[in-house]
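Chemist: What follows is each chain in one-letter form.
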Amino acid sequence: MPADQIVRYIVFLILTVMTLGGALGVVVSRNLFHSALFLVLSFAGVVGYYVLLDAGFLAAVQLLIYIGAIAILILFAVMLTRGLMDKRQSQHNQQWLIAALVALLIFVVLAVVLWQVEWPVASEQALASPNVSVSQLGQELLGPYVIPFEVASVLLLVALIGAVILARETES
Amino acid sequence: MDATVSWLINLIPQMTEPVARLIVDLVYAGALAFVAPVVVVVAFTYMERKVIARIQDRVGPNRAGPFGLLQGLADAVKMLTKEDITPQDADRIVYNLAPALAVIGVILVYAVLPVAPGVIGADLNVGVLYVVAVGGIGTMAILMAGWSSNNKYALLSAFRVVAQLISYEIPMIIALLIVVLAAGSMQMGEIIAAQDVPFLFTLPLAFIIFLMATIAEIGRSPFDLLEAESEIVAGFHVEYSGMKFAFFFIGEYMHLFVGAGIATTLFLGGWRGPFLGEVISEASILGVLLGFVYFLIKTVFIVFLMIWIRGTLPRFRIDHLLDFGWKFLVPVGLLGLIAVALVLKLPFLSSSGLMWIGLLVANILVIVVSLAAVSMAARRSRSVALRGVVGADR
Numbered sequence: 001m002p003a004d005q006i007v008r009y010i011v012f013l014i015l016t017v018m019t020l021g022g023a024l025g026v027v028v029s030r031n032l033f034h035s036a037l038f039l040v041l042s043f044a045g046v047v048g049y050y051v052l053l054d055a056g057f058l059a060a061v062q063l064l065i066y067i068g069a070i071a072i073l074i075l076f077a078v079m080l081t082r083g084l085m086d087k088r089q090s091q092h093n094q095q096w097l098i099a100a101l102v103a104l105l106i107f108v109v110l111a112v113v114l115w116q117v118e119w120p121v122a123s124e125q126a127l128a129s130p131n132v133s134v135s136q137l138g139q140e141l142l143g144p145y146v147i148p149f150e151v152a153s154v155l156l157l158v159a160l161i162g163a164v165i166l167a168r169e170t171e172s
Numbered sequence: 173m174d175a176t177v178s179w180l181i182n183l184i185p186q187m188t189e190p191v192a193r194l195i196v197d198l199v200y201a202g203a204l205a206f207v208a209p210v211v212v213v214v215a216f217t218y219m220e221r222k223v224i225a226r227i228q229d230r231v232g233p234n235r236a237g238p239f240g241l242l243q244g245l246a247d248a249v250k251m252l253t254k255e256d257i258t259p260q261d262a263d264r265i266v267y268n269l270a271p272a273l274a275v276i277g278v279i280l281v282y283a284v285l286p287v288a289p290g291v292i293g294a295d296l297n298v299g300v301l302y303v304v305a306v307g308g309i310g311t312m313a314i315l316m317a318g319w320s321s322n323n324k325y326a327l328l329s330a331f332r333v334v335a336q337l338i339s340y341e342i343p344m345i346i347a348l349l350i351v352v353l354a355a356g357s358m359q360m361g362e363i364i365a366a367q368d369v370p371f372l373f374t375l376p377l378a379f380i381i382f383l384m385a386t387i388a389e390i391g392r393s394p395f396d397l398l399e400a401e402s403e404i405v406a407g408f409h410v411e412y413s414g415m416k417f418a419f420f421f422i423g424e425y426m427h428l429f430v431g432a433g434i435a436t437t438l439f440l441g442g443w444r445g446p447f448l449g450e451v452i453s454e455a456s457i458l459g460v461l462l463g464f465v466y467f468l469i470k471t472v473f474i475v476f477l478m479i480w481i482r483g484t485l486p487r488f489r490i491d492h493l494l495d496f497g498w499k500f501l502v503p504v505g506l507l508g509l510i511a512v513a514l515v516l517k518l519p520f521l522s523s524s525g526l527m528w529i530g531l532l533v534a535n536i537l538v539i540v541v542s543l544a545a546v547s548m549a550a551r552r553s554r555s556v557a558l559r560g561v562v563g564a565d566r
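Here the protein sequences line up with chains D and U, keeping their order.
All residue numbers for the first sequence refer to our numbering, where the first residue is 1 and numbers rise by one.
All residue numbers for the second sequence refer to our numbering, where the first residue is 173 and numbers rise by one.
Hints may contain errors.
[Said to hold, decoys possible] Listed next, the stretches of chain U that the computed footprint assigns to chain D, with coverage defined by at least 3 CB atoms under 8 Å from CB atoms of chain D:
no., segment
1, 313-323
2, 331-344
3, 381-391
[Claimed, not checked] Over the 10 Å line for every Cβ pair with chain D, so calculated as not near, a few chain U residues:
no., residue
4, L198
5, V231
6, G307
These are computed hints drawn from the structure, not numbers from a lab.
Heads up, the beta-carbon is just placed ideally off N, CA and C, and yes, glycines get one too.
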């Protein structure tokens with residue numbers, strides 16, 4: 001095995017420990033703030049995967065959106081919710097049974113999808129020069145994939161307006 | 173970097189190219205991660221104190237060494253010998269992790285900073301996006317520091333900082349978008365290559381927005397609400413002492429350097445300057461050094477600009493600060509973005525000279541229109557009676 005391959009495997013191993021360990025920490029930790037920080041660790045592991053796969057744009061976007069925005073939003077929500085700042089929290093409430101069922105269902109669906117779908121593999125030629133330029137990505141997003149792109153942006157707009165309406169003070 | 177690699181191979185002929193590259197990489201990374209912070213922090217704190225002193229009609233540090241030059245060193249020794257205090261009931265792991273993350277978040281940005289022709293950690297094709305993305309780590313660090321200190325002032329300050337950082341990230345991204353649009357690339361090297369005329373002169377609006385957003389991101393005056401002493405003691409690092417406090421300090425000054433460096437790269441043409449490329453080759457050692465000197469001169473100029481602003485303007489109030497970001501910088505930035513996009517597509521601006529003039533005119537137009545709108549709004553709000561002020565109607 002060539003040397004760079006070995007390095008890749010080692011990095012992959014570290015990233016896997018980071019991602020799965022972080023995910024486990026989210027569930028196991030009794031402190032909600034620590035859970036959120038473990039979530040960040042898990043996200044960071046995914047960033048590493050993207051870098052390992054030469055998907056620089058995706059890695060930067062993952063870092064920007066998941067760690068820079070979503071994780072910080074979650075931390076904010078944790079801090080601003082009354083009673084959640086205690087050092088120790090119970091890990092389950094009355095809804096644990098339903099939650100477990102839903103989680104199991106999602107797992108089954110994902111497993112089936114992973115197993116059944118025949119994933120397209122990039123050609124040797126594409127793998128040889130994996131650096132997709134950003135302009136290429138833009139052309140694809142606004143060309144063949146314009147409808148999902150626009151639907152996603154409309155969804156985000158709806159969420160934005162919804163948030164504004166929810167946060168608006170009622171005038172009395 | 174290639175220049176250094178070939179120089180090393182010429183020096184020791186037995187060395188193979190990958191080995192030479194590895195050595196050069198390690199040396200550069202070490203230099204950036206260990207030497208640069210010390211030099212940057214010592215130099216900039218000295219510069220800042222001297223310049224601020226001059227603005228305030230004082231002398232500034234003048235005791236340690238000639239002209240007070242060793243003041244930074246003395247401060248470093250003092251920091252190292254201070255007692256390391258951890259508050260009771262602090263969240264120890266998070267508390268100790270936060271200062272390190274604050275510095276890591278800034279060092280990561282160095283990777284895409286082109287300091288001289290060919291000398292750049294990694295010329296990513298998403299360089300600009302990377303700069304914005306890595307900024308999130310610093311925000312995390314501040315939130316962690318504020319929470320784990322188990323101090324209400326620290327927590328309040330952390331909330332403020334995050335509100336500020338998130339608010340000013342948006343105008344910053346818009347300013348970056350304008351540059352990317354004009355350069356046609358997110359790669360730092362290509363952005364420099366596109367600046368035959370520095371973007372400062374063709375896109376002044378983007379530069380102004382970027383400079384303000386950068387000052388807010390670093391948390392310097394007039395946007396230094398995160399450490400508004402009169403309101404929240406010292407801010408999120410109130411419980412930190414000794415070297416851990418110094419880490420936040422180092423992070424702040426390195427952020428200052430990186431912010432100015434990115435501004436230099438994006439708006440002042442980076443390491444480009446007279447004679448370089450025409451008389452002296454960019455690949456030669458002399459060319460690299462000259463480029464580095466140009467880069468430093470421009471960066472120090474931007475840092476000076478920031479210190480000047482700090483010495484001149486009073487601190488914002490928190491609601492004014494958020495209003496300024498959301499209700500002024502964001503709409504103006506969007507307007508500028510649209511204007512630049514339109515100008516770039518105009519058919520009769522075929523030659524690049526005409527294009528630059530067109531961009532400049534569009535930028536100035538947007539600046540004038542937005543300033544006029546603001547002054548009109550201000551006049552209207554002033555003519556309204558002081559109803560908002562408590563007790564004014566009595």
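Chemist: Determine for every hint whether it applies to the structure shown.
Modeler: Taking the hints in turn, this is what the structure says about them:
no., hint, result
1, 313-323, "holds (count 3)"
2, 331-344, "holds (count 4)"
3, 381-391, "violated (count 0)"
4, L198, "holds (15 Å)"
5, V231, "holds (43 Å)"
6, G307, "violated (7 Å)"
The structure fails hints 3, 6 (numbered hints given earlier, in ascending order).
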